[in-house]
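Asker: Listed here are the chains, written in short residue letters.
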Amino acid sequence: MTAIDVARVRKDFPILARTVRDEKPLVYLDSGATSQRPNQVLEAEREYTEQHNAAVHRGAHQLAEEATDAYEDARANIAAFVGAKPDEVVYLKNATEGINLIAYAMGNASTSGPEAERFALGPGDEIVVTEMEHHANLVPWQQLCQRTGATLRWFGVTGEGRLDLSNIDELVTERTKVLAFTHQSNVLGTVNPVQTLVRKAHEVGALTVLDACQSVPHGVHGQSGVDFGALGVDFAVFSGHKMLGPSGVGVLYGRSELLQAMPPFLTGGSMIEMVRMAGSTFAPPPQRFEAGSMMIAQAVGLGAAVDYLKLLGMGAIAEHERELTAALLRGLGEIPGVTIVGPETTEQRGAVVSFTVDGVHPHDVGQVLDSYGVAVRVGHHCAWPLHQRFGIPATVRATPYLYNELSEVDTLFEGVRAAQEFFKV
Amino acid sequence: MTAIDVARVRKDFPILARTVRDEKPLVYLDSGATSQRPNQVLEAEREYTEQHNAAVHRGAHQLAEEATDAYEDARANIAAFVGAKPDEVVYLKNATEGINLIAYAMGNASTSGPEAERFALGPGDEIVVTEMEHHANLVPWQQLCQRTGATLRWFGVTGEGRLDLSNIDELVTERTKVLAFTHQSNVLGTVNPVQTLVRKAHEVGALTVLDACQSVPHGVHGQSGVDFGALGVDFAVFSGHKMLGPSGVGVLYGRSELLQAMPPFLTGGSMIEMVRMAGSTFAPPPQRFEAGSMMIAQAVGLGAAVDYLKLLGMGAIAEHERELTAALLRGLGEIPGVTIVGPETTEQRGAVVSFTVDGVHPHDVGQVLDSYGVAVRVGHHCAWPLHQRFGIPATVRATPYLYNELSEVDTLFEGVRAAQEFFKV
Amino acid sequence: MQLDSMYQEIILDHYKHPHARGLREPFDGESFQVNPTCGDEITLRVRLDGEQVADVSYDGQGCSISQAAVSVLTDLVIGRPAKDALATMDAFVELMQGRGKVEPDEDVLEDAIAFAGVAKYPARVKCALLGWMAFKDALVKANAVDAEK
Amino acid sequence: MQLDSMYQEIILDHYKHPHARGLREPFDGESFQVNPTCGDEITLRVRLDGEQVADVSYDGQGCSISQAAVSVLTDLVIGRPAKDALATMDAFVELMQGRGKVEPDEDVLEDAIAFAGVAKYPARVKCALLGWMAFKDALVKANAVDAEK
Ligand SMILES: Cc1ncc(COP(=O)(O)O)c(C=O)c1O
Ligand SMILES: Cc1ncc(COP(=O)(O)O)c(C=O)c1O
Chain L
1 MTAIDVARVR KDFPILARTV RDEKPLVYLD SGATSQRPNQ VLEAEREYTE QHNAAVHRGA
61 HQLAEEATDA YEDARANIAA FVGAKPDEVV YLKNATEGIN LIAYAMGNAS TSGPEAERFA
121 LGPGDEIVVT EMEHHANLVP WQQLCQRTGA TLRWFGVTGE GRLDLSNIDE LVTERTKVLA
181 FTHQSNVLGT VNPVQTLVRK AHEVGALTVL DACQSVPHGV HGQSGVDFGA LGVDFAVFSG
241 HKMLGPSGVG VLYGRSELLQ AMPPFLTGGS MIEMVRMAGS TFAPPPQRFE AGSMMIAQAV
301 GLGAAVDYLK LLGMGAIAEH ERELTAALLR GLGEIPGVTI VGPETTEQRG AVVSFTVDGV
361 HPHDVGQVLD SYGVAVRVGH HCAWPLHQRF GIPATVRATP YLYNELSEVD TLFEGVRAAQ
421 EFFKV
Chain G
1 MTAIDVARVR KDFPILARTV RDEKPLVYLD SGATSQRPNQ VLEAEREYTE QHNAAVHRGA
61 HQLAEEATDA YEDARANIAA FVGAKPDEVV YLKNATEGIN LIAYAMGNAS TSGPEAERFA
121 LGPGDEIVVT EMEHHANLVP WQQLCQRTGA TLRWFGVTGE GRLDLSNIDE LVTERTKVLA
181 FTHQSNVLGT VNPVQTLVRK AHEVGALTVL DACQSVPHGV HGQSGVDFGA LGVDFAVFSG
241 HKMLGPSGVG VLYGRSELLQ AMPPFLTGGS MIEMVRMAGS TFAPPPQRFE AGSMMIAQAV
301 GLGAAVDYLK LLGMGAIAEH ERELTAALLR GLGEIPGVTI VGPETTEQRG AVVSFTVDGV
361 HPHDVGQVLD SYGVAVRVGH HCAWPLHQRF GIPATVRATP YLYNELSEVD TLFEGVRAAQ
421 EFFKV
Chain C
1 MQLDSMYQEI ILDHYKHPHA RGLREPFDGE SFQVNPTCGD EITLRVRLDG EQVADVSYDG
61 QGCSISQAAV SVLTDLVIGR PAKDALATMD AFVELMQGRG KVEPDEDVLE DAIAFAGVAK
121 YPARVKCALL GWMAFKDALV KANAVDAEK
Chain X
1 MQLDSMYQEI ILDHYKHPHA RGLREPFDGE SFQVNPTCGD EITLRVRLDG EQVADVSYDG
61 QGCSISQAAV SVLTDLVIGR PAKDALATMD AFVELMQGRG KVEPDEDVLE DAIAFAGVAK
121 YPARVKCALL GWMAFKDALV KANAVDAEK
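Protein chains in written order, with this note's numbering: chain L, 1 to 425; chain G, 1 to 425; chain C, 1 to 149; chain X, 1 to 149.
No lab work stands behind these hints: they were computed from the structure. Only a predicted model underlies this, so the values are computations on that prediction, with no experimental measurement involved. Heads up, the beta-carbon is just placed ideally off N, CA and C, and yes, glycines get one too. Heads up, a few of these hints could be off.
A few chain C positions that, by computed beta-carbon distances, are all more than 12 Å from chain G [unchecked claim]:
| # | residue |
| --- | --- |
| 1 | D13 |
| 2 | Q61 |
| 3 | I78 |
| 4 | M89 |
| 5 | D107 |
| 6 | R124 |
Computed from the model, here is a short list of chain L residues facing chain X with C-beta under 7 Å [to be verified]:
| # | residue |
| --- | --- |
| 7 | E65 |
| 8 | I272 |
| 9 | E273 |
| 10 | M274 |
| 11 | A278 |
Ranges between beta-carbon positions, derived for each pair [unchecked claim]:
| # | chain 1 | residue 1 | chain 2 | residue 2 | range |
| --- | --- | --- | --- | --- | --- |
| 12 | L | Q348 | C | L23 | 38 to 46 Å |
| 13 | X | E106 | L | G279 | 39 to 47 Å |
| 14 | L | K310 | X | D105 | 35 to 43 Å |
| 15 | G | E43 | L | Q348 | 39 to 47 Å |
| 16 | L | G122 | X | G100 | 50 to 58 Å |
So here's chain L without its partners, still in its complex pose (with noise of 0.2 Å):
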């Protein structure tokens, strides 16, 4: 059995005793998209803001010390998640955010001084990414390439929705300055191979980044949780909203070598050393990288959600989320015309299961699966050239997380059955 008291967790989640559509309970499989938040969250970041709340890193009051230590002591909680030192961790609003944060940073690095450079790229210079990724990490290399006069390359994808890596040798050479990657991808669930890729990419000397939106708030099957700093990444992304913190926080991991060296991003207040109107210098990390009043209670509510997990346990997690995964595999596996779109065993593969049904448009299978009280989501999933590479417009993707009974996937089942006969296919 798993390891978790799905029932006992359930009662954390308030939104989970709702019902939909004509009193149907909610079934929840849209955490990919965003999780849902425990009281544990909500009652964090209402402690902070009904007794503490003030401007971190500013005031010498008391209300300043006590957010300023909040704020602090979840970026160190957080950080040791993740494997990570404290000034390694940057808040964001989301994890996109984090991903422009690096391509803007590089963008100014050829105008920022020498110790800048290493970051600096222009014509003949080349970005790797993957044919999975979530325009979050696609569009905002397309743009620095647009910019700079670099170069965007890509791994294709195999049939059964792995990297096709058969051409790495090709793909990443000394003119890569940037491998950008997913952990995990939000269509297929593959699991990508980080650490050939990272190897790769040092042995050319590019920097990587890796998307691990949706791999930090699950772990990975047989490992506890991820940690950056055993990966080797460079830099990497993740949002609170997907692990059960609140909206508006998301955060970027950077070796802190890498983020002692690079240029800033957003410039403003509490980011600087020095300001004259003639020009300004800048403060050491993770500072440097946080302009302006920062999302302190969503921080606050991040490091609750972090406490939550531990809790539970990745491992845990991991293993619960696999049996969710096997289920979906075998039961949808089993109903005619339903295709999954991703490999077919839960070998490398997180619970991310997308799928289509011969003869019902996505869309309609959703609504139909709405009126069931099944929450899916339909549509490309932010990774329109995946859907491409497979000649499909879209897909619906179940996506559970901790507090998914099993017999939640059976409801999905039988919706997806339904709309097969209201269709008439």
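Starting from the structure of chain L, add chains G, C and X with the ligands where the hints point.
Answerer: Same frame as chain L, but now just chains G, C and X with the ligands:
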């Protein structure tokens, strides 16, 4: 008497019932840094999170619909509050991001095709700011100049703390591409002559950027609230956390026609029109400027904050603040050795009162005040060049808001006198 | 059951048996539209005969709502003056954005009144409007109407 | 009263009557440090005599804590081997970052134990350390110690 029932208002703010340092009642006079939040805002966030939380503009299920409605209804509400149309309002993490957005989008304009060219700038072009700007409205422009070769120029400040407009015709010329200035100084309290500056900018074809962080939350005395449409500015920014809203949410206002033409800044999910590996096109505003999962709960909270402000009435708030400011100016003026930095009357001036105490460093004044339960800010308040202009490293700053009692400023005076005694000056 | 209020028989009929489908030549204006959230797309062509919409032809992929809507569109506009077609579009847009609170006028909208139920599902409104957006844009490209109107 | 725990008499004495203040020549290393939150700044010079810190001279502006701390610093390091001075600095940094929970060693820190109360106010810790940061940096510039140490 004041039009605000302060005793009743205070009941809505749990933190104001707190004590600090040896059971002293909290006297919170640091709202210029960040305001406190009423229960109504906390409740709105909580209700959203416990009942409707989902990804917006993406899902087809009921929660996603409800979340999208909550998010967009808040936008419409906030827009109306500042005299804007909903699609002229872009959500941000803070005001600082908003200035950076404009600066980076202008930087991107030179590689974004013909429609964007009007925003592009380079050597020979000029950006004009003022010496009283917050770092948020200064450093991003310094950096844009560094990246593009444009030149930064600035208005000086008079001894009384007003903008020195004597050389406006030399400063704002055909070379000026942007005129960026604060509506109300966060140190001096000075309210700047928006009309004069906007007229001049438009004469020469420059874009105007208004830093409204210290005006939108308070209104401007004699006017009811801030109306960007009526002011005729091209862009404006403000932050939720300074106007009773949650941390982690801010707003960029941009005239429709400009946002339509402006290239994107942050890129990723939800801001695209079409994505291919080879390149992408972008959604219309405001979506074009909202990349990734946004701070939904905080946007909803900000909507509730706007409701709260509207209920009290911006006219009443401005009048209450004027009384508090008058009391501060009078009371501090009566203490020998205290020098007010900024205008000494409430004429064209808001509720920000900064001062120095002869012989006692602002940090030490702040510490003594803290021991009286009085929370003020000490330092340069992210307006370092302004402090240099006055030849001082730092000031003590008291910033009352709608929940402050007149009696609270007396505690401040008591604390200032105690500091003088303690340091024997 | 709620589903039936969205998926009226008329909609399912048009979806299964779309009218006027396929891209035809000659044409005066063509538009390609895409729904950025779900990837649905449509290419739609308009052929004019003076003020009249002589033909509307289209191809694309999409859900039942978007496919049925464009099929109904062809019924409503082919053989009608462009000006009238746009007036019909206005009525349809009003219905779709009405959150289920706008009473449709069957004289104007004919089969399209079946979409009244869709208006209650904001996420699907874009689907129903995709073809109409393409139609209007194609008219603009054919110089039959002003972009601003 | 709480204030007294931060502002010990010793601190106020050093603040009112700072030791070794002023910038003197010659010197082997100079450092300029600034506290970005409050704008306080210090310029500090070190003159060496072999391994010994022969003189420390300084100028700047700052609050009572930062001014008193650098005054105490000069008492603690002038005439001592640079190595010992840095060991004293380590003890002082440990005390200041200890949140009031580190027991100061009077034999090492002498007058500087008066700052134990400041350690309870995290916002003021930077003030107390500003002079020491400048001292260490000046030693580095004078090539007396490694930057990494
Ligand atoms: C005048 C002014 N501009 C800009 C800002 C920056 O706002 P934020 O820190 O919320 O980005 C502030 C507040 O810190 C301010 O007072
Ligand atoms: C793999 C992946 N990368 C990036 C993102 C973007 O995260 P956010 O929208 O929180 O910035 C997401 C989620 O939307 C994702 O699943």
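Asker: Next step is simple, just say for each hint if it's right about the structure.
Answerer: Now for the hints, and whether the structure bears them out:
1. D13: Since the minimum Cβ distance to chain G is about 22 Å, D13 of chain C lies beyond 12 Å and the statement holds.
2. Q61: The claim holds: Q61 of chain C sits with its nearest Cβ about 14 Å from chain G, beyond 12 Å.
3. I78: holds, 29 Å
4. M89: holds, 19 Å
5. D107: holds, 31 Å
6. R124: violated, 7 Å
7. E65: holds, 5 Å
8. I272: holds, 6 Å
9. E273: Since the shortest Cβ distance to chain X is 5 Å, the answer is holds.
10. M274: Hint on M274 of chain L: holds, closest Cβ of chain X at ~6 Å, below 7 Å.
11. A278: With a minimum Cβ separation of about 16 Å from chain X (threshold 7 Å), the hint on A278 of chain L is violated.
12. L:Q348 x C:L23: 38 to 46 Å: Roughly 43 Å apart at Cβ, these two residues keep to the hinted range, so it holds.
13. X:E106 x L:G279: 39 to 47 Å: holds, 45 Å
14. L:K310 x X:D105: 35 to 43 Å: holds, 37 Å
15. G:E43 x L:Q348: 39 to 47 Å: The hint (39 to 47 Å, Cβ to Cβ) holds, given that E43 of chain G and Q348 of chain L are roughly 44 Å apart.
16. L:G122 x X:G100: 50 to 58 Å: With a Cβ separation near 53 Å, G122 of chain L and G100 of chain X satisfy 50 to 58 Å, so the hint holds.
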